[in-house]
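Protein chains: 2
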Amino acid sequence: MENTVNIIFKNESSADREQAVSAKPGDSILDAAKKAGIALDAPCGGNGSCGKCRIKIINGNVSSVQSRHISPEEYKNGWRLACAGYAETDVTVLIPETAAAWKNKIKIDNKSSHKLPVFENIDSGIKLIKITPEVPSVENPTADRERLLGKISELTGIGEPDITLYALRKIPGILRNGDFSVYCVLRCIELPDQTNSCTVIDVFPAGNNPAPVIAGLAVDIGTTTVSALLVDLADGKILASGTVGNGQIRYGADVISRIIESVLPSKNGEPGGLERLRNAVTGESLVPLIAWLCEMAELDSNQIYRTAVAANTTMTHLFLGIDPAYLRLEPYTPAFFECKSLCCAGTGLPTHPDAETPIAPAIGSYVGGDITAGVYSSMAFKTQEISLLIDLGTNGELVLGSDEFLMGCACSAGPAFEGGDISCGMRATDGAIEACTIDRETMEPKLSVIGAAGQIPLGICGSGLIDLIGELFRCGIINARGKFIREGKRIRRDEWGGCSFIAAYNNDASGGGREIAVNETDIDNFIRAKGAIFSAIQTMLKMLEFDISVIGNVYVAGGIGSGINIPQAVRIGMLPAIPVEKYHYIGNSSLHGAYAMLVSREAAAEIAKIGRDMTYIELSSHPGYMDELVAACFLPHTNGALFENY
Amino acid sequence: MENTVNIIFKNESSADREQAVSAKPGDSILDAAKKAGIALDAPCGGNGSCGKCRIKIINGNVSSVQSRHISPEEYKNGWRLACAGYAETDVTVLIPETAAAWKNKIKIDNKSSHKLPVFENIDSGIKLIKITPEVPSVENPTADRERLLGKISELTGIGEPDITLYALRKIPGILRNGDFSVYCVLRCIELPDQTNSCTVIDVFPAGNNPAPVIAGLAVDIGTTTVSALLVDLADGKILASGTVGNGQIRYGADVISRIIESVLPSKNGEPGGLERLRNAVTGESLVPLIAWLCEMAELDSNQIYRTAVAANTTMTHLFLGIDPAYLRLEPYTPAFFECKSLCCAGTGLPTHPDAETPIAPAIGSYVGGDITAGVYSSMAFKTQEISLLIDLGTNGELVLGSDEFLMGCACSAGPAFEGGDISCGMRATDGAIEACTIDRETMEPKLSVIGAAGQIPLGICGSGLIDLIGELFRCGIINARGKFIREGKRIRRDEWGGCSFIAAYNNDASGGGREIAVNETDIDNFIRAKGAIFSAIQTMLKMLEFDISVIGNVYVAGGIGSGINIPQAVRIGMLPAIPVEKYHYIGNSSLHGAYAMLVSREAAAEIAKIGRDMTYIELSSHPGYMDELVAACFLPHTNGALFENY
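Those protein sequence lines, which keep their order, are chains R and A. Sequence positions in the first sequence follow this note's numbering and run 5 to 650. Sequence positions in the second sequence follow this note's numbering and run 5 to 650.
Okay, chain R solo, but in the shape it has when bound (with noise of 0.2 Å):
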């Protein structure tokens, strides 16, 4: 018979709150996790290189091998890597902060930091209106439903109009509640002979009672962060709005890794693979979101009636519970583009359960709804000028066009921007370095935090790196293949024989117990990432024999912090050298494309017509792509005259 050991985990934000399971001898505290539904920052799947589910042993024996992530100091404090760390026998962990920084927090925005699309007319097709029918008689007593659509069609001069089992049930009370004055949420639809049809999809009592909210929902499901605004139907405004991480990144960092994980089936009983991202992602990440919205809104969540989602491909099949698997299987096959009649219910999102789903078309495997949402939301292929619209999210993705063309194509950025591959990486929320200057002489870094006045640096996010990197550079203490050739008291030689820079010093314990460094494995990723997007650039300019000097405008989006230092990304090769007037950031564009949907079926429409229109480029069988990659994976590029300008 085999022992079991208990692990018990604590966190560091929460310290009242533990956990525990009980594990094999041997197990991973990572996988112990995993079993109890913990959430670990474990963007690399568990191999130990990411270094993100440091935890700290506070009582047991836990082998471990040594890493690179660990400092023997730290090592002999505690702390392990939860991947590479084995129970053997009871143990209690510690989670910090960073660990478990994905979930811990849902962050609710300033409403007012969304630039949004603006409608002359809300039109969702939700509508509330008030109806008084007649009291039933004996001389007339026609049931409730026929009494009640028989005024509608009468006000609304809509001949048929139905009503929902959910709302057919409340109807008997909900009339004789509000003495035969009721608010009816209305779900109109056009009927392609051009007349409209409507269906009565709730109802409430009027008599003296204020007219209820009909809310919707704009969501944004990232690989790595999930974003939603809570909308009211009726003015378009934001009623709340904020991101939680995806639950789903324990499984990985990147859309592969979670494709992968997909496919595992079903095992003791436990859900399979695809099952367990899906909830990861909905029970564990949307639900409490929109639970929070919603609290923070005074909002019932039955009240949302209309539900609008743009997301990558991956991110899409995995909230539909739809087999990912041949993503990634030549030929590249989505299950699907569209999807047109998707009830929520079917979602498991914890709205009305008659609200219906829109959700942005993708037009390839790498090139989802996030970034058709994106293109509508940017307003920029609505002139003549070309534009190109960069999305650096977990992936880079971008389309170039006009009001006559569309093409879009993914590269494999990999998860830079969003602070994977990163040692000290974070995404872009309290505690990430989001910008930053270094003294060409001292080298001494000064840092801009994101949070409150103090806040102190957790880590690092995809704005700070980019000026971090372009800032070594800029001061000759990383050549052009981003090794280290300078010393000096910030520059660190570890025994790995690697080149450290240390951003900030481990002079605060509680700041998650490590100092905040970038090393060369660090900035190789970086420059990996940099340069798959603008070969990307090239490529696709190149394809159309254009030269860069055609692009009217590049709308850059992304949750990379508050906005890119763009001469800084100009400089280390990232982004083509245009004037930097033709730079406009325009934040989480595939939020506010969904925003778009939520509130304006014509906008709907006209994403769908967006992904019907644009051509996808499979960047990776393109001819010419390789060199013009090998040839970006340079600071700034081998062909340095690209850049001269800036």
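Don't take each hint at face value.
It does not matter which identical chain is meant; a pair holds if it fits inside one copy or across any two.
Said to hold, decoys possible - No more than 16 Å apart at the CA atoms, straight line, and that leaves these computed lysine to aspartate or glutamate pairs for EDC-like:
hint	residue 1	residue 2
1	386	617
2	344	164
3	613	164
4	39	22
5	344	150
6	155	197
7	613	150
Quick caveat, the hints were computed from the structure, so don't treat them as lab data.
Please build the complex by placing chain A on the supplied structure of chain R, with the hints as guidance.
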């Protein structure tokens, strides 16, 4: 602290199955059975009047008042009424076949016993097609959905086919398991502009597999009995058919007692009345019936793609979980007459999740979809000739009309025709006396019992009762008021002062342990029921200033046996004295109408039209009806001349 007693229920028909429940001393056995979810027949709702809940105490002490339903000898042997027996100690109870009869057995009908409407074109809107889209390639990596729908569009000419989430989840695997050859189940609809649209609701791998069956389900939900046909939607053929008692019977025999029960609020965490009644008809009756039918037909219930339901107004409310309270409160307003867009998913039926459920429309609180469906299936109202439809269910409903007008009413006949309100009454299943004659001299009866040869009689069903009372009257055993006026071996005067005719002796203890007799109360109840039918016919005719002779044909529907003896029914003054050849027994016309709705969208539309065209007559508020009723409550009638020719 209160004591509890333990009550063990054993079932006569399956001795090995027993169920225990704890109760408080003094609780009735019926309440304990309800708590345990055990099916006891209690059409009177537990007030001691019907005598159906007879049980036998095997062990323990049960206090009880004497009852006319239990003879002194039976009392000595442990027989009690469950509703009037109160546990004083731990008790073991035997539930005899009769008390559990409503649920005990699902009865599978002879498929050929149904006189179903015949359609030249079976057109349920559910179609199966085989599609072989091109295999994806690097040159053509179109998504599975668009690939499949494009091919469907090409084959059918339908502009924009769609697919449900359920089917979408299946396609990536199914396409590749079937060598890119798939069977698609389509749900087709006609749009207002006369064009067609369709949605893929299921997919199966084709390859070398045979075509899957696309099935449908026609359901008649009666107050006492639930019947269903499992149908092949490709050709309209019946795959299996069966009936089962409506599990709601333990809350009372008629719709009024069900409505009263339905408004009881939830208590001690147990569901409220509405939910319990919904579950009684769906979870306890329809779900096992459907499982049985599918087992017979070797079909997965997920292959039921369309369900059509016909039921009276109260039953549709309860089936859909809609509060029926206002059906019995002036001005008697149903929650709905029609309902169009309902999905089976909301009804809890174990069918395909995207199956639609057309429901036959009601025209009033007491004339429901069973009648509109019945009008259609009788096909009687397509001619100029005036027809009369009489549905003898738990209530009696009548429709008078032609191709020019339709008028319907309900009469409060009560449940006598389905065996309710009759001490030895039962529904028309195995063991029911369905016909009889009596020798005028000897008064010896000759019984015809439903079931295999040698089946011992367990009770008497509607058609048997008409025969028995008709014969008692013909032989001068009872008078015009239903009182016994002869003496003899078969006549027993009991201690309560009443008189009974013993139709069968208790010569076989296993046959429920009792004799089968009708007493004067039974006869009274029956006379009121038959009087209600006849007086309703008279009232409708008089409203239109018609004589009985205008009636071209009479269609008698209902589950009262294999058919009723028409001359007998006329002689006792239940049916009008028109030539016997004008009478047609059409069986379960409600179920047959549901079948029509299931296999023909045109029929469904016609039934909807019947609902809108029919005038509802509220008899109770009609002047003259009460006089008619009083006159009809004699054998045959105060005006015997009306029945002279028979």
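> Which holds for residue 155 with residue 197 at a C-alpha limit of 16 Å: within a copy, between copies, both or neither?
Replying inline: Answer is neither; intra-copy 23 Å and inter-copy 25 Å both fail.
> Which holds for residue 613 with residue 150 at a C-alpha limit of 16 Å: within a copy, between copies, both or neither?
Replying inline: Answer is between: at 14 Å across copies they meet the 16 Å cutoff, but 38 Å inside does not.
>> When Cα atoms must be at most 16 Å apart, do residue 39 and residue 22 count as within-copy, between-copy, both, or neither?
In response: within (15 Å within a copy, 40 Å between copies)
>> Within, between, both or neither: how does the pair residue 344, residue 150 come out at a Cα-Cα threshold of 16 Å?
In response: between (29 Å within a copy, 12 Å between copies)
> What label fits residue 613 with residue 164 when the C-alpha limit is 16 Å: within, between, both, or neither?
Replying inline: between (30 Å within a copy, 14 Å between copies)
> 16 Å Cα cut-off: does residue 386 pair with residue 617 within a copy, between copies, both or neither?
Replying inline: Close inside one copy (13 Å), not across copies (54 Å); limit 16 Å.
> Between residue 344 and residue 164, at a C-alpha cutoff of 16 Å, which is it: within one copy, between copies, both, or neither?
Replying inline: between (23 Å within a copy, 10 Å between copies)
Hint check: a violation occurs at hint 6 only; the rest are consistent with the structure.
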